[in-house]
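**Student:** Protein sequences appear in the order of chains A and B. Each residue of the first sequence is one higher than the one before, counting from 1 in my numbering. Each residue of the second sequence is one higher than the one before, counting from 1 in my numbering.
Straight-line alpha carbon distances no greater than 25 Å define the calculated DSS-like cross-link-like pairs of lysine-lysine that follow:
#	chain 1	residue 1	chain 2	residue 2
1	A	K265	B	K110
2	A	K233	B	K260
3	A	K233	B	K133
4	A	K13	B	K106
To be clear, the hints were calculated from the coordinates, so they are not data collected in a lab. Predicted model, so just to flag it, every value in this text is computed and none were measured.
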Amino acid sequence: MHTFKYHLAAVFKYISLVLGALMALLPIVVVFFASLKTNAEYASTGPLTLPENWLNFANYSKAFVDGNMLLGFMNTIIIVLISIAGATLTGSMMAYILARFKFRGSKALMGAFLLATLIPGVTTQVATFQIINALDLFNTRWAPILMYLGTDIIAVYIFMQFLDSISESLDESAMLDGASYWTIYWRIILPLLSPAIVTVIIVKGVNIYNDFYTPFLYMPKSSLQVVSTALFKFKGPYGSQWEVICAAIMIAIIPTLIAFVALQKYIYNGFAQGSVK
Amino acid sequence: MPKLSNMSYKNQRILIIFLFSLVPVVLLLTFSYLPVFKMFQYSFTSWNGLSKNMEYIGFDNYKTIFTKPEYFAVFKVSLYYFFATFVQMGLALYFATILSFNVRMKNWFKGILFFPTLLNGVAIGFIFLFFFKPEGTLNTILDLLGLGALQQKWLLNPQLINISLAFASVWRYMGMNFIIFLGAISSIGSDIYEASEIDGANRWHQFRHIIIPSIKRILQLNLILAVSGAIGVFEIPYVMTGGSNGSGTFVIQTVDVAFKYSKLGLASAMAVVLLGIVVLVTILQRILIKEEK
Numbered sequence: 001m002h003t004f005k006y007h008l009a010a011v012f013k014y015i016s017l018v019l020g021a022l023m024a025l026l027p028i029v030v031v032f033f034a035s036l037k038t039n040a041e042y043a044s045t046g047p048l049t050l051p052e053n054w055l056n057f058a059n060y061s062k063a064f065v066d067g068n069m070l071l072g073f074m075n076t077i078i079i080v081l082i083s084i085a086g087a088t089l090t091g092s093m094m095a096y097i098l099a100r101f102k103f104r105g106s107k108a109l110m111g112a113f114l115l116a117t118l119i120p121g122v123t124t125q126v127a128t129f130q131i132i133n134a135l136d137l138f139n140t141r142w143a144p145i146l147m148y149l150g151t152d153i154i155a156v157y158i159f160m161q162f163l164d165s166i167s168e169s170l171d172e173s174a175m176l177d178g179a180s181y182w183t184i185y186w187r188i189i190l191p192l193l194s195p196a197i198v199t200v201i202i203v204k205g206v207n208i209y210n211d212f213y214t215p216f217l218y219m220p221k222s223s224l225q226v227v228s229t230a231l232f233k234f235k236g237p238y239g240s241q242w243e244v245i246c247a248a249i250m251i252a253i254i255p256t257l258i259a260f261v262a263l264q265k266y267i268y269n270g271f272a273q274g275s276v277k
Numbered sequence: 001m002p003k004l005s006n007m008s009y010k011n012q013r014i015l016i017i018f019l020f021s022l023v024p025v026v027l028l029l030t031f032s033y034l035p036v037f038k039m040f041q042y043s044f045t046s047w048n049g050l051s052k053n054m055e056y057i058g059f060d061n062y063k064t065i066f067t068k069p070e071y072f073a074v075f076k077v078s079l080y081y082f083f084a085t086f087v088q089m090g091l092a093l094y095f096a097t098i099l100s101f102n103v104r105m106k107n108w109f110k111g112i113l114f115f116p117t118l119l120n121g122v123a124i125g126f127i128f129l130f131f132f133k134p135e136g137t138l139n140t141i142l143d144l145l146g147l148g149a150l151q152q153k154w155l156l157n158p159q160l161i162n163i164s165l166a167f168a169s170v171w172r173y174m175g176m177n178f179i180i181f182l183g184a185i186s187s188i189g190s191d192i193y194e195a196s197e198i199d200g201a202n203r204w205h206q207f208r209h210i211i212i213p214s215i216k217r218i219l220q221l222n223l224i225l226a227v228s229g230a231i232g233v234f235e236i237p238y239v240m241t242g243g244s245n246g247s248g249t250f251v252i253q254t255v256d257v258a259f260k261y262s263k264l265g266l267a268s269a270m271a272v273v274l275l276g277i278v279v280l281v282t283i284l285q286r287i288l289i290k291e292e293k
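Just chain B, same shape as in the assembly (with noise of 0.2 Å):
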């Protein structure tokens, strides 16, 4: 084998950036670009994954997703954890803002209120299945305080279940939005507060003129990932309720439609329309961060 130091540094040079970029590209390009590819082309067909030969059946699926209430009823599904996002954020924002100036014990609430967003989805889903049973941690809470009127069966009653599952969503997403807002809060120097404060700025004028402000790019950004985060939603109902009364979001039933109905070219297109919407998203934030700038 040639020794790499007696080449010239510009042969080095080519050799090493195709090396080195060789292993990440041949990933990306089998586990990312082909998968998307080979999406496209199974949603137009009836495959079922098995048999040798595909049969093209142009926009038929996409006629059946946008057609049978079945398949419709799903995005209704997603509006609860769009809703919830706003509360998750709301919480987020409440919390980063007060830990940011002074408050006893601060380092404890900090960890505390983050650390359930590096927990095991499944561990989630098991934990709030116990928080929500019929004789679980909030009914007996809800008695305690002598609420017991309000006693739900809160994963039973059809009108409650998606409510109840948005609300584990809520508690374990809201770290995240937490440390990101809290970092964004923490990048604003203290002059400026210290400026405000002489000008006879209380609190709230801080947090409406300095504050939001300085971190509006980021809230825009985690806004308008609400809704891709509201369709994409999967492990915290599949784990809880197998997306039975009516908790099934979109992601459940492409998978089940894949997998367990083994209809591939349908569940190809309604990945094609989740991947859409998506795209979309991301491109209305690409514009509205622009005309911020």
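In isolation and in its complexed conformation, chain A is listed as follows (with noise of 0.2 Å):
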């Protein structure tokens, strides 16, 4: 009987499982089957049905040449580099300070950076618009650019906590051959980090990448459009044609799955380490 009871927990356990992935997966492999459809193929079909041939990438080169993603992915690269360059740097500078000296305010300058985070930056736009507007930065890449680049607090904490485990002793025996602070903060610091560093530039890179009101309302300028806003112009024009939205959908998700393939174990502990705290 115990057996019995046993073994029906782990059919149940293995049937959610099973389920929960079958969710998660099947609205995003639906699309895909869509995506390889040829239009009448699209209309005569149900969106579970296999299609016919699946190397017909027609849809996949008319969405990137239509949408222009080509200039989607150049635009939102140049943002992701500049900006995950910049918070990198003044990330790892202000956990410098912060973790290694002891001076008036720094308790004041981290908390003013943790309060910071607890203001939700969609209720700020309105007012933050009128700034960037004054700065004379609307359409242009330097509007999402600088807003990404302010430091965050998860990004100084992770450095902090990685900090802590570089002894101090480092620092001190750099001191006696005469090092400045700099070239310690340069060549010892900062190699040390780069395991922080990949964490950082993960967990910022996935929310750039994927950010969408930022670009929406900072560049509608069409010569300036990023992956996200590059999609989103599908919508109305394409209202017929999903077999070409559902590639359009599938361009802009593969840079996401290679990444996620290639760097999951990275991805898990920056996920991990940066919510908790």
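Please dock the two separately framed chains into a single complex, following the hints provided.
**Tutor:** In structure tokens:
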């Protein structure tokens, strides 16, 4: 009787896992199916029907060209690279001075950054918009870059946590050799921080790549479209060509999928570290 | 340029603290604190965002928000997302618990359940437009299962639309909760489980008396964040319905009022209300977690 109950529990466990996995995958998989169908095929078959030709990439090239996705990727890459490089530098610098020096106002500085994260970004958009306008940055790539650059407390936390594990005697022995604080930061601390840097890059990169409203509000000019806004433009004019929209969705998702498979381990760590704090 | 290494360490210290914090502090002031200050200022005006002079009108904007039903109705929409969070956390907790123990293909399940969280918000909006279409995925599945009678126009029926959208939101964020819970549960030492097994505890006992108490703080935190999360919903309904059929959320309305109808003063007052709710929730969370200690 006991083993019967045990088996029943195991069966239930696996059924629920498979159902959960199906629920997570199915909405994406059907979009993938549709993206490989021809227009006539799409119209005559249900969403669960497999595509006839698995190598029909006509929709992909149409979506790629019509949606000007190459431009979207270029703009996204520029914004992601500059923002991440800047955020990593400023974040690690803040963490370095906060972790290594005790100075007047260091607590207040930390508190100011913490308090800022409690303000949800969406609430202040209306006023931020006026500031971007006043700085003459509306419809330039600098608008989102500056907003993403702002040091966030999660990055500082991740760096500080890591800095604690780097022995201060390293700094001290470098000082005996006459190294400046800059040299210590640049030559010793920064290279040792690299695992934390990978984590920050992933967490920030995912957020920036997926962000919609910042580029949507601040860079409506079509030559500045990013992946999100390029995808959003398919709404409306392509109402009757869902197979093309589906291809566009897949084009936007594929980079995420590749990054996920390649960086899985770091991604789990990064999200767990960043969010528990 | 004087060489840094020729300076005394005391002076270097001052210089490096100043230089390293300069850019972050300037950015912080310009893009975090100045907007909040400006937002409060605008909220007492009838400014349209363009004219040179602002007219101060006292608390009129706030009166409008709390008295006109069309502004107040959006909070009802938030309730759907608020309740959805409980479903989301329940599922996340369930999957995190069973995947903390021995399961075949554990890493595959973890990866699949977490993956939706990483996806582009606009892509998710489209994916669920496709999912809920009249001849879309959901209705096809219902038909296949012999439940054709349950087929619905999921996004056209005003009574179902917010449930459908909240479902998409659960799909999107469940993985995030899941991974946080998984991290918290994995920090529980295995010796505690072993000891409880010797005492004859089963999985349910372990869940009830070991797992839940150990992750209580994270559970509370997530529950309280659910309130601000529910009010801050934007992307999914904006991409999927544009806020039509009674699916407009507080943020969609704020964005519309500000940028479509150029009522910056009113939109700022709405944002102040939103910020107020979030601050309140945060204070509540602090108090609750302090009591815990």
